[in-house]
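Keeping the supplied structure of chain F fixed, place chain P upon it in accordance with the hints.
Protein chains in written order, with the working numbering: chain F, 2 to 328; chain P, 2 to 328.
I should point out that these hints are in silico values taken from the structure, not numbers from a laboratory. Among the clues, some could well be false.
The list treats identical chains as interchangeable, and a pair is accepted whether it falls inside one copy or across any two copies.
[To be verified] Calculated lysine to any residue pairs in the SDA-like style (CA-CA distance at most 25 Å, straight line):
(1) K111 <-> K298
(2) K219 <-> L317
(3) K325 <-> V56
(4) K42 <-> E264
(5) K108 <-> H96
(6) K98 <-> L318
(7) K274 <-> N188
(8) K325 <-> T74
(9) K42 <-> T53
(10) K298 <-> D309
(11) K274 <-> S178
(12) K62 <-> I3
(13) K98 <-> V41
(14) K219 <-> S153
(15) K108 <-> D321
(16) K274 <-> I176
(17) K325 <-> N223
(18) K299 <-> P208
(19) K49 <-> I3
(20) K62 <-> S236
(21) K298 <-> E164
(22) K274 <-> S185
(23) K241 <-> E264
(24) K216 <-> E239
(25) K274 <-> E181
(26) K49 <-> N266
(27) K98 <-> S72
(28) K274 <-> G186
(29) K274 <-> Q195
(30) K42 <-> K60
Protein chains: 2
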Amino acid sequence: MIKIGIYGYGNLGRGVEAAVYNNPDMELVAVFTRRNPDNVKIQTPNVKVYNTNEVETFKDKIDVMILCGGSATDLPTQTPALAKMFNVVDSFDTHAKIYEHYQNVDKEAKASNKIGVISVGWDPGMFSLNRAIMNSVLPCGNDYTFWGRGVSQGHSDAIRRIEGVIDARQYTCPIDSALEAVRSGVNPELSTRQKHTRECYVVVEDPSMEERVAKEIKEMPNYFADYDTTVNFISLEELKKNHNGIPHGGFVIRTGKTGMNLETNHVIEYSLKLESNPEFTGSVLAAYARAAYNLNKKGESGCRTVFDIAPRDISLLPYDEMLKHTL
Amino acid sequence: MIKIGIYGYGNLGRGVEAAVYNNPDMELVAVFTRRNPDNVKIQTPNVKVYNTNEVETFKDKIDVMILCGGSATDLPTQTPALAKMFNVVDSFDTHAKIYEHYQNVDKEAKASNKIGVISVGWDPGMFSLNRAIMNSVLPCGNDYTFWGRGVSQGHSDAIRRIEGVIDARQYTCPIDSALEAVRSGVNPELSTRQKHTRECYVVVEDPSMEERVAKEIKEMPNYFADYDTTVNFISLEELKKNHNGIPHGGFVIRTGKTGMNLETNHVIEYSLKLESNPEFTGSVLAAYARAAYNLNKKGESGCRTVFDIAPRDISLLPYDEMLKHTL
Numbered sequence: 002m003i004k005i006g007i008y009g010y011g012n013l014g015r016g017v018e019a020a021v022y023n024n025p026d027m028e029l030v031a032v033f034t035r036r037n038p039d040n041v042k043i044q045t046p047n048v049k050v051y052n053t054n055e056v057e058t059f060k061d062k063i064d065v066m067i068l069c070g071g072s073a074t075d076l077p078t079q080t081p082a083l084a085k086m087f088n089v090v091d092s093f094d095t096h097a098k099i100y101e102h103y104q105n106v107d108k109e110a111k112a113s114n115k116i117g118v119i120s121v122g123w124d125p126g127m128f129s130l131n132r133a134i135m136n137s138v139l140p141c142g143n144d145y146t147f148w149g150r151g152v153s154q155g156h157s158d159a160i161r162r163i164e165g166v167i168d169a170r171q172y173t174c175p176i177d178s179a180l181e182a183v184r185s186g187v188n189p190e191l192s193t194r195q196k197h198t199r200e201c202y203v204v205v206e207d208p209s210m211e212e213r214v215a216k217e218i219k220e221m222p223n224y225f226a227d228y229d230t231t232v233n234f235i236s237l238e239e240l241k242k243n244h245n246g247i248p249h250g251g252f253v254i255r256t257g258k259t260g261m262n263l264e265t266n267h268v269i270e271y272s273l274k275l276e277s278n279p280e281f282t283g284s285v286l287a288a289y290a291r292a293a294y295n296l297n298k299k300g301e302s303g304c305r306t307v308f309d310i311a312p313r314d315i316s317l318l319p320y321d322e323m324l325k326h327t328l
Numbered sequence: 002m003i004k005i006g007i008y009g010y011g012n013l014g015r016g017v018e019a020a021v022y023n024n025p026d027m028e029l030v031a032v033f034t035r036r037n038p039d040n041v042k043i044q045t046p047n048v049k050v051y052n053t054n055e056v057e058t059f060k061d062k063i064d065v066m067i068l069c070g071g072s073a074t075d076l077p078t079q080t081p082a083l084a085k086m087f088n089v090v091d092s093f094d095t096h097a098k099i100y101e102h103y104q105n106v107d108k109e110a111k112a113s114n115k116i117g118v119i120s121v122g123w124d125p126g127m128f129s130l131n132r133a134i135m136n137s138v139l140p141c142g143n144d145y146t147f148w149g150r151g152v153s154q155g156h157s158d159a160i161r162r163i164e165g166v167i168d169a170r171q172y173t174c175p176i177d178s179a180l181e182a183v184r185s186g187v188n189p190e191l192s193t194r195q196k197h198t199r200e201c202y203v204v205v206e207d208p209s210m211e212e213r214v215a216k217e218i219k220e221m222p223n224y225f226a227d228y229d230t231t232v233n234f235i236s237l238e239e240l241k242k243n244h245n246g247i248p249h250g251g252f253v254i255r256t257g258k259t260g261m262n263l264e265t266n267h268v269i270e271y272s273l274k275l276e277s278n279p280e281f282t283g284s285v286l287a288a289y290a291r292a293a294y295n296l297n298k299k300g301e302s303g304c305r306t307v308f309d310i311a312p313r314d315i316s317l318l319p320y321d322e323m324l325k326h327t328l
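Pulled out of the complex, with its shape left as it was, chain F reads as follows (with noise of 0.2 Å):
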């Protein structure tokens, strides 16, 4: 059994509990919280929380930490930091800072002799690999992503901050046109407008507020002016009903060329449908944790990413079952 810890226990900590709890080679030791851990209820039976200091008495009691941190404060400290304690694995997804993150993180899972896996997720994740994997096959072509139909945690924090807004929940949802011509070959250069859309659900403190808050979201410099955005007015009861999933998901497209003259078109696609962002965000960190036990069993150390890890490496079948019933 590989001896799984867990540090952070919010939405995406539970969803790797989850996955942890689903994985037949997996075994939860500890989640550890920057909170009272009194005040912390998990779902494993017979698991128990710790505070965060208490985690270098788990040293030699678990295989792998996953992060369950956040991007912007918590990982690039703390996945470094416990690199040099444990086999870590986190989903790092600051896309212009992963490459300083690397540095910082292999630095100290060298010294250890810990692997420590980064931006583990699926976007950066599993649409990384596929990316890398579809350019790899295709070398003459072009890439889109699209993301959605999903919640989009940071803009519907943004119009949360808006005066007299009591909830949100954006959608970012991807334009059916665009897909269409992306699949068809024609290689169009899309706007940002012209890719996806923003759907807004909102809970307002009085109806009179309805067209003064429409207005400042639709815009919001950055998060709202480029797009195309709906907002719908709701109450809280609907928004609580109809809106309280996570859900997410997008497309990666490779249209690629091949022939002596590139005559030839061929396209590679890889779509997600995730009724919960955490618990599919969870999933993959599980298995990649598995590899960073496999790997570390092997004497490797250091920082990987997805492009660094076979599959076999993080399959729960043994390698002889894969070529029989998988390959």
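Quick look at chain P alone, frame taken from chain F:
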């Protein structure tokens, strides 16, 4: 530059040739044929064709030999034999015999300190890779594979063997309603007949034969009897004009559940739409030739499949670039 040899020059050999031509880090050194080399015209300027009996003289001139023979009789002997001299890549696709083939290639490649990558293409190959990854990240779920719309060479040949048939083309077509049922997550149990139809375009010597030929096709055991088959009689001109290509493709879908009580649904889908089956397969072989070269340079030897190979080793991009731009 990775020095490539092509062993066998039919449709797949031509596909590999074009792929090598379009990969900036590869160079075609020689093409080997069992035919008289003088009668084989290839597409790449300034590259010569040799008889297969000359292959030993290229022992130190070729980094990776890409085998383009058939799975029935060529590859089972050719791949192990050539692994004594070269890093090799093949597209062996007889699923039931892959395990045996793996062991034969592994033995020879280990003895010669070379790498042999087997069963590379799209199924087995890209589809297998995706099945393995999907299963790892969603361990609780169901897999579905659909093929087409695409030309089945084996089924086209079977029709051609019927008396009075001049030429024929058979398309395997996935049934849309079955695809939709799978995507909806209801986990349908689908019979052979419910997953695919078979669409035949047939040229006969005389219209009076049509009724008999259609009946013989539709009742042919293994090939057609278990499917809803449509037979269209057309002229040789129409066949040549409208059915000259070798398109193919298909879908791998995994529907899986997460959550402590497996209450959350997800759908992962990978699909290919290929205008040319041999050109795409050739492109995949070229990418894995890069992996054979990279792994052997690291000192590795033995047999490998898509399950053993990390995206990094098939990629054209330096790892730093992948971290910065693909992740």
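Results for each hint:
1. K111 <-> K298: Close inside one copy (14 Å) and across copies (23 Å); limit 25 Å.
2. K219 <-> L317: This pair counts as neither: shortest intra-copy Cα distance 47 Å, inter-copy 42 Å.
3. K325 <-> V56: neither (42 Å within a copy, 32 Å between copies)
4. K42 <-> E264: Only across copies: K42 and E264 sit 20 Å apart there, 59 Å inside one copy, limit 25 Å.
5. K108 <-> H96: Within one copy only: 20 Å inside, 43 Å across.
6. K98 <-> L318: between (34 Å within a copy, 19 Å between copies)
7. K274 <-> N188: For K274 and N188, both the intra-copy (24 Å) and inter-copy (15 Å) Cα distances are at most 25 Å.
8. K325 <-> T74: between (45 Å within a copy, 20 Å between copies)
9. K42 <-> T53: within (15 Å within a copy, 69 Å between copies)
10. K298 <-> D309: both (16 Å within a copy, 16 Å between copies)
11. K274 <-> S178: both (18 Å within a copy, 18 Å between copies)
12. K62 <-> I3: within (10 Å within a copy, 46 Å between copies)
13. K98 <-> V41: neither (31 Å within a copy, 53 Å between copies)
14. K219 <-> S153: Within one copy only: 16 Å inside a chain, 52 Å across chains, cut-off 25 Å.
15. K108 <-> D321: between (35 Å within a copy, 16 Å between copies)
16. K274 <-> I176: Both. Shortest intra-copy (15 Å) and inter-copy (21 Å) distances satisfy the 25 Å Cα cut-off.
17. K325 <-> N223: between (50 Å within a copy, 22 Å between copies)
18. K299 <-> P208: Classified as neither: same-chain Cα gap 63 Å, cross-chain 67 Å, threshold 25 Å.
19. K49 <-> I3: within (17 Å within a copy, 54 Å between copies)
20. K62 <-> S236: Classified as neither: same-chain Cα gap 48 Å, cross-chain 73 Å, threshold 25 Å.
21. K298 <-> E164: neither (54 Å within a copy, 62 Å between copies)
22. K274 <-> S185: both (21 Å within a copy, 10 Å between copies)
23. K241 <-> E264: Classified as between: cross-chain Cα gap 19 Å, same-chain 52 Å, threshold 25 Å.
24. K216 <-> E239: within (22 Å within a copy, 59 Å between copies)
25. K274 <-> E181: both (17 Å within a copy, 13 Å between copies)
26. K49 <-> N266: neither (55 Å within a copy, 28 Å between copies)
27. K98 <-> S72: Within one copy only: 10 Å inside, 47 Å across.
28. K274 <-> G186: both (23 Å within a copy, 10 Å between copies)
29. K274 <-> Q195: both (21 Å within a copy, 24 Å between copies)
30. K42 <-> K60: within (23 Å within a copy, 65 Å between copies)
This entry does not satisfy hints 2, 3, 13, 18, 20, 21, 26, going by the numbered hints stated previously.
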